[in-house]
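> All chains, full assembly: derive it from the sequences and hints.
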Amino acid sequence: MRGLQKSFGATRALKKVDLEVLPGEVHALIGENGAGKSTLMKILSGAVRPDSGQIELNGQPFIPENPSHARRSAIAMIYQELNLALHLSVEENILLGEEPSRFGWIQRARHRELARAALAELRHEKIPLDAPVSSLSIAEQQIVEIARALLTDPKVLIMDEPTSSLTDVDTRNLFAVIARLRQRGVSIVYISHFLEECKQVCDRYTVLRDGESVGCGDMASASLEEIIRLMVGREIKEIYPRTPRPFGDPLLELKTLAGRTKPRSVNLTLRAGEILGLAGLIGAGRTETLRVCFGLDRCESGKVFVYSAEQGRRNPHRSLSEGIGLLSENRKEEGLMLGRTLADNLTITRYGPMAKLGLINARSQRHAAQGWMQRLGIRAAGTDQTVGELSGGNQQKVALGRLLHHDAKILLLDEPTRGIDVGSKSEIYRLMGQLAAQGKAIVFVSSYLPELLGVCDTVAVMCRGVLSDARPVSDWSEHSIISTAMGQNEGDTRTVG
1 MRGLQKSFGA
11 TRALKKVDLE
21 VLPGEVHALI
31 GENGAGKSTL
41 MKILSGAVRP
51 DSGQIELNGQ
61 PFIPENPSHA
71 RRSAIAMIYQ
81 ELNLALHLSV
91 EENILLGEEP
101 SRFGWIQRAR
111 HRELARAALA
121 ELRHEKIPLD
131 APVSSLSIAE
141 QQIVEIARAL
151 LTDPKVLIMD
161 EPTSSLTDVD
171 TRNLFAVIAR
181 LRQRGVSIVY
191 ISHFLEECKQ
201 VCDRYTVLRD
211 GESVGCGDMA
221 SASLEEIIRL
231 MVGREIKEIY
241 PRTPRPFGDP
251 LLELKTLAGR
261 TKPRSVNLTL
271 RAGEILGLAG
281 LIGAGRTETL
291 RVCFGLDRCE
301 SGKVFVYSAE
311 QGRRNPHRSL
321 SEGIGLLSEN
331 RKEEGLMLGR
341 TLADNLTITR
351 YGPMAKLGLI
361 NARSQRHAAQ
371 GWMQRLGIRA
381 AGTDQTVGEL
391 SGGNQQKVAL
401 GRLLHHDAKI
411 LLLDEPTRGI
421 DVGSKSEIYR
431 LMGQLAAQGK
441 AIVFVSSYLP
451 ELLGVCDTVA
461 VMCRGVLSDA
471 RPVSDWSEHS
481 IISTAMGQNE
491 GDTRTVG
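In case it helps, our numbering puts the sequence shown at residues 1 to 497.
Hints listed in this document are in silico derivations from the structure and should not be mistaken for laboratory results.
Keep in mind that a hint or two might mislead.
[To be verified] Straight-line distance between alpha carbons at most 27 Å, and here's what the computed DSSO-like set of lysine-lysine pairs gives: (1) K409 x K255; (2) K303 x K356; (3) K303 x K409; (4) K155 x K16; (5) K332 x K409.
If you want it as structure tokens, here you go:
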């Protein structure tokens, strides 16, 4: 790709970007949110037409007319924002557009065989083929998206944040698949904000900043500090900043909490000033625990204590009034109103400071929204821009900003750094530390173990719906977390059950 340029109205997304990927190479495409990575790949996959520039595929000029043309040319893309038909089954999504047929009739047995084989390659044979995709967790939906891309036997595979919702175990399974694809000569463009992953799996890298390519080289000889400097245009001294602080009284207590299917049993005490991390495998019940606690899912048994007072039936309105805020892992369906403005999204749960006699003061609302945009580094044309027009990382910042505007005392954060660049992650980690220092309490669900160990004060691990005791972060390692998540005792390699 040579001299690629693309503008959306007055916004120049790409400014003469160059990218070269070799046969059988895993090439990291790195940059902050809004740097132009996704736009560049949407051009290659046929979803967006460039304003100017040249593309060559296998040494021949190539102009993808649309995504279907790109797929026929053996280019497949796994989008950061999942692109699934939620009302269809897992099997139907994996084979969508690639159904095996004979004389115009779908070969059902072959159809099922291909879907099962695609999931098996990712070590997820247990995902039910007949289940509607809408019933799966975000992490399981990500597995389905990856399986669908692999099914087409691509020659160029674009992976846009493929591990953003995956656990450490699933990430390693995916890396094994990438190694096999590399041996088959498949070229992979790997977009990730997890630079340690890029260092582990990629051969070369290209860095984009503000729509321009600002550096490239061999990944083996590159330092993460230099790549970060290229990304953000400045030095970041601490990726995981820590602020020592005392813990206060319990703000949230869960006693033998259970939902309809998950969690099965959760005992947890969250104190003022504490950041408590929840680790676990896909489907272990971490997300369900937060949903039951907040009142989105029904509590079947157990007790919830807020500020040491036992609470009755849970619902979101009550939780918000108690100062509990939830950041959902599914920001598109539960976290944000994509068709509404940034100002609306940031302020909707707390209009009090900007309303009088039941009427919202638009000027005050915009002023409040501008404050959160500056504090969180949200890149947007202004407070009146619709959230659906923002990059995924900036959407995540808006969802977090709403909790801060609500002034929640207890924050339930489900994968809050998903799809966010390393510079913004560092800012969010620092913000979490500041909030905890103010006496707020945070439950932090993450599938990325380095950030749990780097940010949290205590960590608990969920296995099959049951939560372990929370222990100081110094008592944990990545190995012990994974062992506990898999139902193994430390030092014991046998899997329970």
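> Evaluate each hint against the coordinates.
For each hint, the structure was consulted:
Taking the CA atoms of K409 and K255, the gap is about 20 Å. The hint holds against a cut of 27 Å. The straight-line distance between the Cα atoms of K303 and K356 is roughly 38 Å, outside the 27 Å bound, and the hint therefore fails. A distance of roughly 20 Å separates the Cα atoms of K303 and K409; the hinted pair therefore holds under the 27 Å criterion. Simply put, K155 and K16 have alpha-carbon atoms about 25 Å apart, close enough for the 27 Å limit, and the pair holds.
For the suggested pair K332 and K409, the alpha carbons sit about 24 Å apart, so the restraint of at most 27 Å is met.
When the structure is compared with the earlier hints, a violation turns up for hint 2 alone.
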